[in-house]
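Undergrad: In order, the protein sequence lines correspond to chains A and B.
Counting with our numbering, you get residues 1 to 55 for the letters of the first sequence.
Counting with our numbering, you get residues 56 to 300 for the letters of the second sequence.
Fair warning: there could be bad hints in the mix.
[Claimed, not checked] The calculated lysine-lysine pairs, modelled on DSBU-like cross-linking and capped at a C-alpha distance of 30 Å, are:
#, chain 1, residue 1, chain 2, residue 2
1, B, K171, A, K38
2, A, K10, B, K171
3, A, K39, B, K62
4, B, K171, A, K37
No wet-lab data here; the hints were simulated from the structure.
Given the structure is predicted, the values throughout are model-derived calculations rather than measurements.
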Amino acid sequence: MNWLEFFAMKGYAWYVWGSYGVSLLVLIVEVILVRHKKKITLQQLRLMRDAGPDA
Amino acid sequence: MAINWFKYAAPSSFYGLAGRLIPWFAWPAAILFCVGLYIGFFVAPTDAVQSEAYRIIFIHVPASILSMMIYLIMAGYAALGLIFNTRLSSMMASALAPTGALFAFISLWTGALWGKPMWGAWWVWDARLTSELILLFLYLGFISLQASIEDPRRADRAGALLAIVGSVNVPIIYFSVQWWNTLHQGSSVKLSGTSMHIAMQQAMFTMLAAMWLYVIAVALLRVRSIILERERNTQWVAELAEVRQ
Chain A
1 MNWLEFFAMK GYAWYVWGSY GVSLLVLIVE VILVRHKKKI TLQQLRLMRD AGPDA
Chain B
56 MAINWFKYAA PSSFYGLAGR LIPWFAWPAA ILFCVGLYIG FFVAPTDAVQ SEAYRIIFIH
116 VPASILSMMI YLIMAGYAAL GLIFNTRLSS MMASALAPTG ALFAFISLWT GALWGKPMWG
176 AWWVWDARLT SELILLFLYL GFISLQASIE DPRRADRAGA LLAIVGSVNV PIIYFSVQWW
236 NTLHQGSSVK LSGTSMHIAM QQAMFTMLAA MWLYVIAVAL LRVRSIILER ERNTQWVAEL
296 AEVRQ
């Protein structure tokens with residue numbers, strides 16, 4: 001199969017790759033944000049602990 | 056077998072269980088995404104009417120199905136939390152909302168990119184499209200309502216009411232193509248059989264399975280942060296290895 005022809009999607013490239021590209025991006029960004037959130041939450045917990053019970 | 060199922064209704068036990076379960080959903084999701092994309096692009100034939108543009112179906116349909124399913128599951132968890140006062144159910148509802156909103160967005164986005172070449176319009180105020188847009192707003196409303204209330208238990212109850220009332224919208228989305236004369240087409244896959252090519256169906260169902268697994272993995276990941284935040288003043292959180300280090 002010719003790759004250029006494959007990516008051209010018979011003239012529908014923008015629509016097809018726009019759909020797949022944005023969806024993939026959304027899922028990747030979601031995973032990054034959720035993992036980041038976990039990291040931040042754990043950091044905050046450690047800071048709270050270091051600040052002691054009076055904080 | 057005597058398994059104490061209620062053990063895992065406690066946030067402290069579920070935190071660890073969720074952590075152990077995540078890879079069992081995340082890796083199969085990644086593999087099935089690859090398989091689904093391979094079948095969708097290299098095995099499924101070109102459509103006679105819609106040419107290559109139809110390949111958007113492999114994300115559009117599974118994402119749309121999940122945007123509705125996640126809403127019902129979210130409302131179910133929220134209702135459980137409201138009725139039985141179980142904290143973990145409310146946390147699960149909060150963990151599902153952002154993912155549901157993203158799937159509703161993906162459904163609308165891919166729908167617009169499919170509508171333009173096929174109908175000649177990015178958007179029409181058709182019953183199916185409008186009710187799906189309302190679904191997105193319901194998710195966003197749930198998230199912002201919960202964010203605006205300081206006390207987590209009050210936020211849970213307010214969110215639960217919104218989620219339960221809003222679930223009326225889900226059957227409206229589903230049946231809209233039958234109840235109204237819509238530009239959006241009806242389902243291609245029915246219980247009585249289908250008009251789709253077998254490889255097209257395989258790609259669609261593989262993508263659906265992949266997205267299901269993805270949703271479970273990401274919701275478990277998110278609920279772990281929610282549990283930590285809400286239980287931050289408890290002894291068990293202070294004793295966690297990742298907090299003590």
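Undergrad: Is the straight-line distance between the alpha-carbon of B:K171 and that of A:K38 30 Å or less?
TA: Cα-Cα ~39 Å, so violated.
Undergrad: A:K10 and B:K171: Cα distance at most 30 Å?
TA: Holds, because 15 Å separates the two Cα atoms, which is no more than 30 Å.
Undergrad: Given the proposed pairing of B:K171 with A:K37, does the C-alpha separation stay at or below 30 Å?
TA: Distance of about 37 Å is beyond 30 Å: violated.
Undergrad: Given the hint that A:K39 pairs with B:K62, does the C-alpha gap stay at or below 30 Å?
TA: holds, 26 Å
The earlier numbered hints that this structure contradicts are 1, 4.
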